[in-house]
Amino acid sequence: MSHLSVVLDLPPAQWHRSARHDPPLALPDFLSHVLVFLNAHIANNAENSLAVFGAFPGTSPLLYSSADPVPARLPIDSNSYPSFVHLDHAVARRVTAVLDSLGTDRAPEPSALVGAITKALCYVNRLAISPSSAAPAEHVLPDPRLLILSVSPDLATSYIPIMNSVFSAQKLKVTIDVCQVFGPDTVFLQQAAHLTGGSYIHLERRDALLQYLIMAFLPPPPIRKVLAVPTQDKVDFRAACFCHKNIVDIGFVCSVCLSIFCQPVPVCSTCRTKFPIKTLQRLNQSRPLLPSTPRSTSPKSSPGTPAGARTAPTNGANLARSISTPNELPHSSNIGSRNSNGRSHSMGGSVTNPGPSEAPR
Amino acid sequence: MPALQRPSEADKKDSPHALLPFLQTQSQTTLTRLYQRPSSCLSVFRLLAPLERQIVMNLLWLESAIATSTMVAWVQRDGRKLYEEALGNLSRLHILPNSAAKLALNFTFKTSLRQALTGGGTSGSFGVPAEKDEHSGPSIKTLDSFALERWETILHYMVSSGTGQQPAKPSQGVLFLLQRSSLMSSFHGGPLQITSSGFQFLLHSPHAQLWDLLLQYLHLAQERQMDLVEVLGFLFMLSTMELGREYLTENLSTTQGVLLEDLRDYGLIWQSKPKSRRFSPTRLGTTLTSSSPPLPTTISASSGPLDGFIVLETNYRIYAYTDNPLQTAVLNLFVSLKYRFPNLVVGMITRDSVRRALMNGITADQIISYLITHAHPQMRKNNPLLPVTVQDQIRLWELEKNRLKSSEGYLYTAFTSQADYDLVLNYAKQLDVVLWENAAKRCFFGSLEGHLRIKEFIERRTQNSNS
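Read top to bottom, the protein sequences are chains A and B. Under UniProt numbering, the residue at position 291 of the first sequence is numbered 291, and the numbers go up by one with no gaps. Under UniProt numbering, the residue at position 142 of the second sequence is numbered 142, and the numbers go up by one with no gaps.
Please note that a few of the clues may not be correct.
Claimed, not checked - DSS-like, lysine-lysine: derived pairs with alpha carbons at most 25 Å apart:
#  : chain 1 : residue 1 : chain 2 : residue 2
1  : A       : LYS225    : A       : LYS173
2  : A       : LYS171    : B       : LYS275
3  : B       : LYS455    : B       : LYS441
4  : B       : LYS169    : B       : LYS275
5  : B       : LYS381    : A       : LYS173
6  : B       : LYS455    : B       : LYS429
7  : A       : LYS225    : B       : LYS81
8  : B       : LYS141    : B       : LYS275
9  : B       : LYS441    : B       : LYS429
10 : B       : LYS381    : B       : LYS405
11 : A       : LYS278    : A       : LYS225
12 : B       : LYS429    : A       : LYS225
Worth flagging that the hints you see were computed from the coordinates, not collected in a lab.
Let the hints inform the model, and build the full structure from the sequences given.
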C-alpha cells in the first residue's frame, strides 16, 4: 500500500488563460484526466490511500480523502466500482462548490498553493502517527508521496514557506512530485522536487496529460528503481532574499542565522546580528556594478520586522530584473516525444511514442 | 494444494498470488471471455505484482502498439531481469501478448480496464445494487459476525476432529471440499480426520486459507462442468462490491445461483433467507483481491486486539491473551497448555509438544512464523521478535526428528568362521550394499536390493564346500 496526496492548483484566472492558450486545456478536461489518474492509484491496490487538496485563491480545502465515510446516498450503479464513483463525485462536487463561492468582485488573490501543500503534509503526518498509542513511532507509512499539479507562476513571497515544507517533507520521507501544467517553470517547486527525490515535469503535450501522470507520477518509489521516471538534469537553485522576496543570483547570507539578503546589510533583520562596517564596505565593493539600482532607493527592511511577514515592495522588482540572468530557466527532461500525430482521444490523448527523448541512464 | 510457502513477511510480498498460476493454465479463449467484464479486469489487475501493474498502466492509454525498444529505454539497468520476468508473467496471462517488436495490451483487457477506471458502459459487472428501503440490509457488524462464525466453524471442525469433541459441523459441501483438497480424510470409512496438510493449513493466514479453499473449489467447478468464467467473474465481482450494501440476484446466471449457495456456506455471502432476492457480500468476499485482513479480528475478543495475542518468554512459556476456542485449539497443536483463565491461556513449548506437531506434519518454520505473525504488540518491541533460544530449540527438535534414517534390509550373522565372514562381506562390499558391519560380532547389515545375490552367493559357497 502507499499513500498519495495530490494538490490541485485551481485559480480560475490562470485556468481561463490555459483554456485560451494553444493548445487549450480547460479545467473540465484537466479534471477528467486527473480523476482517471486518481482512480488508477486506487485501482493499484485496495489499501492505497489518497487525499486531494485544492489550492484556490485564498483558500485550500480538502477535496477528498479516502478515509471519508461513504455517503449513503451515493448513486452507484452496476457499471462502476463504488470507490471510483465516490472519489469522482466528491472531487467534482467540492471543486464546483468552491469555485461558485469565490466572488467575482474580489481582487484576484494568488492561489493558496503553500496552504494546500502544508495541509497535505499535515495529513501525511497524521497518517504516519499510529492511531493506537501502543506502538508509537514504529509505524511508518510506506513511501508517502505528494503530487503538485501547478499552473501558477512562482510567487516570491512563498519561498520561505515552500522551503519550510520541503524540510518537513524530507523529515517525513515524503517524495514531492511536481507537474507544471501551464505557465513558466517554477523555480521553487523544481527545488522542492529535487530536494525530496521527486520528479519535476513541465508539461509539453498538454493533450497527453494523463499519460504523463501515469508514467511519471503513478509508480511508487520502489518501482521507480526499475522503471525510470524523468528527473531533472538542471535545477535552478536560486533563492529568494528575505528582505524583498526577490529571486537573486548573488545573495548575501547572514553568518549567524543563514538569512539571505539581496544586498549587504549592517544588521541582520532576522537575528539582529550587527556586522562590522569594514565587511560591509568590502562586500559592497565586490558587488557587480548595477547602475540602475542606486543604494538610496532600495529600501532597507527595518530590523525587528520578522522575515516573511512583509510583502515585496514594488521597487524591489526593479532590482531583480536588473540583475542579469545568466542562463535561461532550465527545462526538465521531457517524456513526451515531439512526434505529434494530431489525433486526440477523449481520455488521455494519443501518445503513440512515449519514449524518453533522452534515455534515462 | 499449492506448494506450501513459508509465509514470512518478505515472501508474502514476492510470491505471486495463489490464483495467478491457476489463471495461467487457462486457455486464451477462457481468459479473453473473463476479461470482457470490467470488474474481473480490475481484480486481476490488483492481483498482479506492482511492476506488472505499472507496465499495464503505462500501456493502457496508448492507442497503438509501441516498439519494445522504446519501453526498454525506461528500464534501469539493474531492473532488466525483473522487467523481463514481468513481461513473461503478463504474456502467460494473455494480458500482454508476447511479441519481439511491438508491445500492446490485449484489446479486450484494455477496453475493459479502461471502462473500469472511467466508469460507464453497460456491462453491469459490478453487481446490481438494491435500493435502500425500510427493511434495510444487515449492518456491517452482522455481516462480520456471520463471516467469522462460518469461517471459524470450518476451522474449528478441522482442528478438533480426532480429539473426540463434537463441534458444530459445517455444511455437506464444505466437508466434501475439505476432503477433496485432502485437508481432511476419512480412514476406513470412519469419521473425517485432519491430515498433515490440514495442520499446515491451520497455521496459514486467513487470506491464504480462503484462497486455498477457493482454488480447490475452482478445480472442482471445472469437473462439475460449471462455467469457469462465470465462477471467476462472480468471485471478482464480489471483491469489487461494497461492504454493507445489498445486491440483487436478478442478473445472475444459473451457475452463479449455485455458486451463491456454496459461498454462503463459506461465509462470503450473507442472505436473510435461502431464497431471498438480495444478498450482501461479507468482508471475506470484499477483501478477496486486497491485502487487508478478511476477518474482523476484534469481534469475538472481549480482551484486547486479537491480531497479536501471544507472548513468548525465553523460558519457553507462552501466554496467549485469547478466549477464542479456535485459537486455543490451534495453539494446542504445538503447545502443552497448562492453565486457562477467562482471557488468558498459559502453556509451555516442550520437546514433546513440538514433536507431536512435527509428527502431524507441521514444520518448525510454520510454528515460528505463526508465533511471529500473532505476536503481542508488547513483543514487537523486542529485537529479534522471538527469543533466539526458543527459535533455535524448535529448529533443533525438528532436526532431531530427522536424526534416524531407516532403511530396510537384512542382518547377516552366525558365520562359522572368520574366513567365511570376510568372503561374504567382501562380496557384499563389491555390490555396494553394506550399510553397517561389525567384525567382532561377525555380522553385517545389507540393504534389501542386495539380499538375493548375497543369498545365492552363500548358497553356492555352502554347496561347493559340501560337495
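Tested hints:
1. A:LYS225 - A:LYS173: The given pair, whose Cα atoms are some 17 Å apart, holds under the 25 Å limit.
2. A:LYS171 - B:LYS275: Given that 25 Å is the threshold and the Cα spacing comes to 57 Å, the pair is violated.
3. B:LYS455 - B:LYS441: Distance of about 20 Å is within 25 Å: holds.
4. B:LYS169 - B:LYS275: This hinted pair holds, its Cα atoms lying about 22 Å apart.
5. B:LYS381 - A:LYS173: 23 Å, holds
6. B:LYS455 - B:LYS429: Holds, at roughly 14 Å.
7. A:LYS225 - B:LYS81: Holds. LYS225 of chain A to LYS81 of chain B sits at ~13 Å (cutoff 25 Å).
8. B:LYS141 - B:LYS275: Cα-Cα ~22 Å, so holds.
9. B:LYS441 - B:LYS429: Holds, because 18 Å separates the two Cα atoms, which is no more than 25 Å.
10. B:LYS381 - B:LYS405: 41 Å, violated
11. A:LYS278 - A:LYS225: Cα-Cα ~52 Å, so violated.
12. B:LYS429 - A:LYS225: Violated, at roughly 60 Å.
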